[in-house]
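> Residue numbers (my numbering), protein chains in the order written: chain R, 1 to 309; chain U, 1 to 309; chain X, 1 to 309; chain F, 1 to 309; chain H, 1 to 309; chain D, 1 to 309.
The set of hints was computed from the structure by calculation and includes no laboratory data. This structure is a prediction, so every number in the text was calculated from the model and none was measured. We treat Cβ as the ideally placed atom computed from N, Cα and C, and that holds for glycine. Heads up, a few of these hints could be off.
What the hints assert, rightly or not - Label-pair restraints from in silico Cβ distances:
#1 H:Asp78 x D:Arg277: 34 to 42 Å
#2 X:Glu235 x D:Gly185: 34 to 42 Å
#3 F:Arg143 x H:Asp295: 53 to 61 Å
#4 F:Leu94 x H:Ala19: 52 to 60 Å
#5 R:Thr98 x D:Asp64: 56 to 64 Å
#6 F:Arg34 x H:Pro273: 56 to 64 Å
#7 F:Asp119 x H:Thr275: 51 to 59 Å
#8 H:Ala19 x X:Arg117: 45 to 53 Å
#9 F:Ala301 x X:Leu63: 31 to 39 Å
#10 X:Cys219 x H:Pro79: 28 to 36 Å
#11 X:Gln305 x H:Thr75: 25 to 33 Å
#12 D:Gly185 x X:Leu63: 48 to 56 Å
Each chain, letter by letter, is given below.
Number of protein chains: 6
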Amino acid sequence: MANETVFKRLDCNPIVTAANVPRANSIHNSAVVRWNGAYAGVFRVDEIDMCYRLHTGFSRDGLDWEIDPEPLRMTSSDPAVYVSDHSYDPRLVLLEGTHYLTWCNSAPQGPQIGLARTDDFRTFVQMENPFQPPNRNAVLFPRTINGAYAMLHRPSDRGHTPFGDVFYSSSPDLIHWGKHRHVFGPYPGWQGTKVGPGPSPLETPEGWLLIYHGVWGSCNGFLYYAGGALLDLEEPWKVICRTRDYLLAPTMPYERVGDVPNVVFPSAMVHYPETGRVRVYYGCADTCVSAAEADLDELIAFIKQHRIQ
Amino acid sequence: MANETVFKRLDCNPIVTAANVPRANSIHNSAVVRWNGAYAGVFRVDEIDMCYRLHTGFSRDGLDWEIDPEPLRMTSSDPAVYVSDHSYDPRLVLLEGTHYLTWCNSAPQGPQIGLARTDDFRTFVQMENPFQPPNRNAVLFPRTINGAYAMLHRPSDRGHTPFGDVFYSSSPDLIHWGKHRHVFGPYPGWQGTKVGPGPSPLETPEGWLLIYHGVWGSCNGFLYYAGGALLDLEEPWKVICRTRDYLLAPTMPYERVGDVPNVVFPSAMVHYPETGRVRVYYGCADTCVSAAEADLDELIAFIKQHRIQ
Amino acid sequence: MANETVFKRLDCNPIVTAANVPRANSIHNSAVVRWNGAYAGVFRVDEIDMCYRLHTGFSRDGLDWEIDPEPLRMTSSDPAVYVSDHSYDPRLVLLEGTHYLTWCNSAPQGPQIGLARTDDFRTFVQMENPFQPPNRNAVLFPRTINGAYAMLHRPSDRGHTPFGDVFYSSSPDLIHWGKHRHVFGPYPGWQGTKVGPGPSPLETPEGWLLIYHGVWGSCNGFLYYAGGALLDLEEPWKVICRTRDYLLAPTMPYERVGDVPNVVFPSAMVHYPETGRVRVYYGCADTCVSAAEADLDELIAFIKQHRIQ
Amino acid sequence: MANETVFKRLDCNPIVTAANVPRANSIHNSAVVRWNGAYAGVFRVDEIDMCYRLHTGFSRDGLDWEIDPEPLRMTSSDPAVYVSDHSYDPRLVLLEGTHYLTWCNSAPQGPQIGLARTDDFRTFVQMENPFQPPNRNAVLFPRTINGAYAMLHRPSDRGHTPFGDVFYSSSPDLIHWGKHRHVFGPYPGWQGTKVGPGPSPLETPEGWLLIYHGVWGSCNGFLYYAGGALLDLEEPWKVICRTRDYLLAPTMPYERVGDVPNVVFPSAMVHYPETGRVRVYYGCADTCVSAAEADLDELIAFIKQHRIQ
Amino acid sequence: MANETVFKRLDCNPIVTAANVPRANSIHNSAVVRWNGAYAGVFRVDEIDMCYRLHTGFSRDGLDWEIDPEPLRMTSSDPAVYVSDHSYDPRLVLLEGTHYLTWCNSAPQGPQIGLARTDDFRTFVQMENPFQPPNRNAVLFPRTINGAYAMLHRPSDRGHTPFGDVFYSSSPDLIHWGKHRHVFGPYPGWQGTKVGPGPSPLETPEGWLLIYHGVWGSCNGFLYYAGGALLDLEEPWKVICRTRDYLLAPTMPYERVGDVPNVVFPSAMVHYPETGRVRVYYGCADTCVSAAEADLDELIAFIKQHRIQ
Amino acid sequence: MANETVFKRLDCNPIVTAANVPRANSIHNSAVVRWNGAYAGVFRVDEIDMCYRLHTGFSRDGLDWEIDPEPLRMTSSDPAVYVSDHSYDPRLVLLEGTHYLTWCNSAPQGPQIGLARTDDFRTFVQMENPFQPPNRNAVLFPRTINGAYAMLHRPSDRGHTPFGDVFYSSSPDLIHWGKHRHVFGPYPGWQGTKVGPGPSPLETPEGWLLIYHGVWGSCNGFLYYAGGALLDLEEPWKVICRTRDYLLAPTMPYERVGDVPNVVFPSAMVHYPETGRVRVYYGCADTCVSAAEADLDELIAFIKQHRIQ
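I would like the entire structure built from these sequences, with the hints used as guidance.
Next comes the structure, spelled out in structure tokens:
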């Protein structure tokens with residue numbers, strides 16, 4: 001494919017489809033982590049009533065998945081904090097030995113970020129929603145930075161949001177959030193309408209590696225792409241460099257045709273230190289899940305070389 | 001297909017395409033009835049000038065169709081009642097021994113419902129338009145109810161109508177209409193933006209069976225689905241139950257790719273009492289016609305089981 | 001005033017304001033008839049909770065009004081026919097010895113026309129709603145035409161409706177309506193965006209005299225004007241002539257400044273055969289009620305002379 | 001005035017106009033508190049370049065004001081926290097002996113809430129912005145609640161925001177904010193499009209008294225009104241009651257005519273325990289400042305009596 | 001008035017209203033020049049059919065005007081060049097001994113610039129339209145620049161144009177136009193949505209003095225202001241300086257209330273070398289014409305001092 | 001394919017894809033001419049940063065192309081005339097022995113027409129931009145008409161332009177343009193929203209043959225089609241006839257699926273006098289380039305026969 005760059009799509013794509021879960025209309029935009037020598041995931045399953053719910057899944061190799069046919073149920077001591085029937089676009093991160101889940105937890109007042117923790121991928125304890133609505137995408141960093149927890153997120157509106165910027169906020173307790181900093185915004189081209197964080201950032205000697213989504217508005221609606229950035233290790237709201245070229249664009253039939261045509265939406269990244277490679281999981285056309293892989297050093301070199309000047 | 005439910009698509013889909021009529025751009029959203037031991041139909045043919053006209057068609061088995069290359073011409077004694085060059089989305093029903101055709105008969109003041117009768121599928125007599133514009137979908141019931149003719153319809157606006165509810169109206173004479181009742185409206189999910197009647201309702205011991213279309217607005221426009229409802233036999237504006245899950249969703253390539261991507265639009269239903277089955281004809285991607293079949297008892301059971309609570 | 005035409009505003013304008021009713025935010029767009037040697041009316045009262053309700057009023061001279069502080073309550077044998085908390089823009093007409101009230105009776109599915117009859121302006125019996133929603137303005141003719149009841153109305157959408165045409169429909173029984181005819185639509189200038197019927201038409205030897213509203217969309221929203229037309233006596237959907245010049249434009253401070261700036265909205269017309277004059281009542285800036293008078297012969301001559309060619 | 005309710009406008013309205021400050025285009029939506037036996041304020045001054053800046057002002061009686069011709073300058077140790085050239089709609093509250101200022105501090109990513117403290121109305125120390133953008137209105141409570149600082153605010157979008165709900169958030173340190181709770185949203189009528197907090201709530205035995213703004217969308221844009229609510233003393237996100245009728249509507253010429261017609265925007269409330277009265281300051285038509293007064297007991301009784309059921 | 005700057009409004013404002021012409025709805029946005037020791041003008045007259053036509057007018061003192069009740073009729077040898085029934089916003093300039101008229105000459109394809117010449121204000125010879133539609137405002141310079149005719153103009157769209165920039169184009173023959181240069185665009189504040197040329201530029205030792213209009217979009221539509229700029233004498237597409245503060249804002253009742261509220265629209269400037277003063281004529285609220293005067297040196301000093309940095 | 005008309009698509013379609021150029025996201029909407037016994041072209045290459053740039057290409061047979069991996073660089077003596085990073089939709093024409101290139105040369109003030117000349121397809125000299133922005137499509141005629149250069153073009157707006165008409169303008173010097181004439185506009189059906197010129201017109205005894213694009217707005221955005229017209233040889237703004245039926249519609253998978261679904265966009269036409277045939281190159285789904293061929297006499301006969309009456 002001429003417009004593959006540093007990432008190579010897996011030959012077995014798509015790896016998860018509606019066929020993996022009874023009653024599924026589509027499965028896409030999902031979270032995956034390495035876990036206990038295998039893989040665990042939280043999947044966005046749109047059912048045939050078009051409610052969006054989160055389901056856990058497990059896999060030996062990250063490609064062949066067993067997804068729980070029942071939606072994930074949170075426990076919470078506070079009834080004011082609830083999980084919505086429109087829960088979508090989960091991300092996972094391992095932080096201080098616990099896995100944290102962020103997702104878009106629709107509220108009557110607009111899309112809102114949900115936050116939960118789990119130690120076993122069976123019991124999820126829902127915590128306070130970090131931000132006011134509307135907000136559509138958020139990921140935690142895998143460690144505290146300067147003693148505070150840190151999150152990247154994208155404030156939103158209540159509709160099909162024609163704007164989007166990446167923000168950074170920090171917290172002493174995972175409950176109260178502040179010191180909001182603008183990280184970066186749209187840039188002309190494939191990321192000209194909105195940008196938002198993808199998977200949780202990966203710490204590298206060159207900075208935090210962030211894979212993000214960019215959106216372009218054609219005369220027929222929105223197209224979604226994947227890009228990459230390096231953020232300062234200690235002040236991650238400072239951008240070291242960021243791609244001017246995309247990393248992935250909707251090109252394959254399973255990315256072009258589906259419930260929402262022309263979408264690649266990166267939502268998880270797994271690092272293999274043993275081989276120096278990374279694998280990115282991404283939603284395709286709001287219909288299925290695929291993956292693509294790159295050598296980490298080549299990826300960082302590509303981002304630095306194809307940066308916005 | 002994971003998201004097939006109680007309906008099974010025919011293997012020979014699509015059964016009618018632009019190739020069936022010279023000068024056709026596309027043929028979709030069409031009406032079919034059993035007639036004289038075979039089948040008759042009225043087809044929406046979008047020609048290569050993108051005028052939409054109605055054509056009659058005949059078939060031995062309902063799958064292999066001879067469609068008249070010339071548009072259907074109405075007779076009418078009143079010049080104020082005309083058939084537009086933008087006539088589309090026909091429905092047929094047998095009522096008191098005569099076949100009645102309803103369709104969307106575009107007027108300069110907006111889409112409007114047309115009404116005509118035929119005894120032989122050669123001569124069609126156009127009658128008064130039942131409603132003020134704008135209105136986009138209407139079907140007659142196959143018998144009078146409490147001594148009055150009865151119709152389901154969807155009021156509209158002049159553009160791409162971001163709303164839609166099903167209404168019921170009755171008439172003593174098929175000319176004057178009144179006693180307008182709201183039947184049901186959108187419901188969050190695949191039917192969250194608009195709903196409208198599909199084929200003429202089928203009388204069953206459990207109530208009138210209505211197959212209807214539901215519309216969801218993504219960030220890239222509208223997707224069309226099929227759902228089902230049971231309406232009270234004597235007061236059909238009262239909903240007994242209605243699907244929360246869809247019956248059909250755009251999934252197959254011929255439903256996903258075409259002039260308007262991601263559309264299934266049910267427009268005719270044939271009942272086979274001899275086998276207990278029903279066949280639904282539906283437009284695909286505003287481009288071709290397909291069909292799907294179900295066992296009537298299973299269909300009713302599905303609707304009752306997967307109902308909105 | 002340079003832009004007065006054949007109508008002269010009363011010196012005592014505005015004649016009804018919010019001060020006439022406790023709890024009123026504004027009183028405008030109201031119906032008036034001569035009754036028992038005096039005057040009766042139905043007034044649109046927007047209360048301080050911004051619900052719109054109808055109130056009866058009585059006056060010796062049509063200028064000094066006693067308005068009932070309690071809203072009008074309808075009687076109806078059918079619970080499916082209800083009067084909404086957003087009832088507005090009433091019109092009255094005497095037909096076969098009974099007074100009929102039409103108004104905009106908002107339903108959850110959009111604005112809808114309500115119809116009621118009264119013999120004493122104390123008891124109002126609500127009848128079937130004549131049309132499906134959305135429809136925003138309707139007036140009955142004061143007699144049957146060719147044996148049928150007749151109504152002018154303006155179909156609408158659910159929002160701030162950027163279009164509007166006058167339609168004619170007829171009925172054998174005031175319940176079922178049909179034979180819908182387009183009467184006229186917008187015309188470039190002050191009536192370039194929408195037109196709708198004002199008071200019930202007045203029969204004259206020259207045709208039915210219709211005072212109507214026209215709407216122009218500036219870069220700051222809509223302006224409302226009054227125009228006039230003569231319709232064929234036996235086929236009122238045929239326009240004999242219609243003003244190219246407006247009859248009234250928002251000019252006075254009470255027409256320019258108020259809850260909706262720059263509105264004159266004609267809603268009632270009283271004919272004085274004894275003097276050959278007519279008085280038109282009109283809403284001002286969605287805030288108060290005023291009146292203007294003309295000699296009927298001069299008015300008809302003006303409409304014929306200043307017609308759209 | 002028929003549509004005055006429990007509030008009486010001052011005869012000397014408007015009390016502050018553009019004439020109070022050289023280079024002012026308009027002065028409106030401003031904050032006032034009692035201070036040192038007199039009054040201090042922070043005023044929104046739109047200058048003749050249509051930049052919006054905050055200016056301090058002082059007054060002996062709260063009616064006759066000396067406003068500093070120079071904009072207020074903040075001190076801040078962190079360059080990431082800046083005061084914008086589009087700073088507007090300030091509120092003030094005395095909390096633990098210090099005065100805190102909140103206002104809308106426009107950022108390139110949308111309107112954002114600013115927070116500062118002052119002990120002398122000369123030096124203002126700007127603190128962290130409490131929330132991510134976009135957010136348009138915020139007020140602090142005058143004391144901690146359950147040991148945490150508390151704020152009411154209205155999330156927003158980047159344009160002319162067609163929605164608005166009141167939210168409650170709390171903080172251990174005035175830096176980090178969390179436990180976001182929905183308080184109330186729009187309600188049909190004058191508050192049908194958006195609602196947002198006005199002055200800082202006043203503690204009363206009946207609950208926290210909140211004066212808020214409500215917005216209605218006519219066909220010519222937005223109209224702004226004032227309403228009132230009582231919130232639970234210990235769990236202020238629980239609404240005890242809230243007005244169905246408005247407290248103030250744009251009625252006077254200085255409220256109807258100006259840069260944005262038909263606006264009353266309450267932004268400050270002064271309590272006089274010595275007389276049992278309150279005075280509300282409000283912006284008029286985005287052009288000047290007025291005030292209205294009520295007896296506190298009567299005001300609370302009005303809110304309870306005219307509540308949404 | 002606090003927000004008067006260097007311009008002083010005339011006490012006799014408004015100087016032309018609808019009362020000056022029979023059948024006028026409003027007279028505004030008009031052109032005036034000194035002529036034969038007195039004044040001549042071309043006025044935009046919106047008639048009571050809301051057609052916009054141009055009328056000539058004459059005055060001894062520029063304040064008391066005789067306006068021809070008949071619209072100006074052009075002569076033209078080419079039927080392809082016509083004057084529309086929606087002709088508006090004229091400007092005049094004396095160039096090489098002839099007066100040239102530019103105006104907005106609506107075509108079915110959008111607003112378009114018209115061009116005509118006159119030697120006596122009785123016969124106007126219409127020339128080729130200089131530009132493709134849509135374009136809404138244009139003025140000629142009073143002399144050739146580097147041997148070419150020169151024009152400032154504002155390209156537009158077909159609706160209420162939410163954008164606007166000033167462009168410069170030149171011509172060898174007043175028929176063919178080229179070398180299009182961008183001069184300046186919107187700037188945050190009162191000129192944040194669009195800017196367009198007002199009267200023909202005045203040559204001064206400091207550069208070409210251009211009075212222009214700026215537009216701000218509030219939540220209730222557009223407000224129009226007047227600003228000033230100095231352009232390079234030989235390369236007028238180069239801006240020497242331009243006001244950050246406005247020169248005139250809608251403040252007076254006749255500027256705030258009318259067919260389009262809150263508009264001042266400068267369209268003519270007369271220089272009095274004998275006193276060193278200039279008088280600007282401007283349309284008010286799309287309803288009437290007013291004037292304001294300044295000392296030329298003070299005006300230039302103001303523009304230089306209050307410039308955008 | 002039922003909806004092929006007189007044009008036959010090449011079996012080798014698509015003939016140019018992203019694979020032809022490193023870093024290409026897509027290659028479409030491109031210009032081709034016969035040159036030196038072979039073919040030369042200028043291609044629109046959207047790179048993986050989604051900048052649109054022009055690249056030259058050469059081919060022996062017009063099907064197998066060598067495209068320069070480096071973008072075309074213009075020379076120009078005037079810095080005010082620049083080639084944008086968003087240069088797209090080129091057309092080529094041979095005029096007086098030189099090849100002229102027109103294209104859409106985006107400027108900050110909107111899309112704008114660029115003009116350049118080349119004698120060797122290596123050096124391109126950029127000339128003055130012919131028109132003010134916004135304008136999106138333009139082609140030169142291959143000879144002067146009545147002594148003047150002539151161009152067809154489509155004025156536009158800055159967004160996704162919901163309108164479009166073909167205009168004709170002429171020039172004495174290729175710098176200054178005037179005598180703007182409306183040629184034709186949209187017509188209900190596939191060309192109901194906008195029309196614009198495709199390749200440079202071909203002179204035939206029957207008139208100038210123009211292949212143009214037409215656009216239809218469905219509920220899911222825009223679809224692009226190809227039509228044909230014959231224009232008067234000496235007064236080309238006069239339409240002799242024009243297709244009511246389209247010549248090409250998006251039907252093939254490579255026309256239906258891509259960055260912008262459902263697009264055929266004709267941009268070049270090569271005439272083969274030796275065989276009497278023409279080949280049209282067209283962009284497909286904003287993703288690749290295809291070609292279709294017809295017999296010239298049959299094509300002209302088709303246009304005459306399937307004309308708008």
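> Each hint: holds or not?
The hints, checked one at a time:
1. H:Asp78 x D:Arg277: 34 to 42 Å: Holds - the Cβ-Cβ distance for Asp78 (chain H) and Arg277 (chain D), about 40 Å, lies within 34 to 42 Å.
2. X:Glu235 x D:Gly185: 34 to 42 Å: holds (35 Å)
3. F:Arg143 x H:Asp295: 53 to 61 Å: Holds: the Cβ-Cβ distance is about 58 Å, inside 53 to 61 Å.
4. F:Leu94 x H:Ala19: 52 to 60 Å: holds (57 Å)
5. R:Thr98 x D:Asp64: 56 to 64 Å: holds (59 Å)
6. F:Arg34 x H:Pro273: 56 to 64 Å: Because 58 Å falls inside the window, the suggested range holds.
7. F:Asp119 x H:Thr275: 51 to 59 Å: At 55 Å between Cβs, range holds.
8. H:Ala19 x X:Arg117: 45 to 53 Å: holds (47 Å)
9. F:Ala301 x X:Leu63: 31 to 39 Å: holds (38 Å)
10. X:Cys219 x H:Pro79: 28 to 36 Å: Given a distance of about 32 Å, which is inside 28 to 36 Å, the answer is holds.
11. X:Gln305 x H:Thr75: 25 to 33 Å: Given range 25 to 33 Å: holds, Cβ gap about 29 Å.
12. D:Gly185 x X:Leu63: 48 to 56 Å: holds (53 Å)
Violation of the numbered hints given earlier is absent; every hint is satisfied by the structure.
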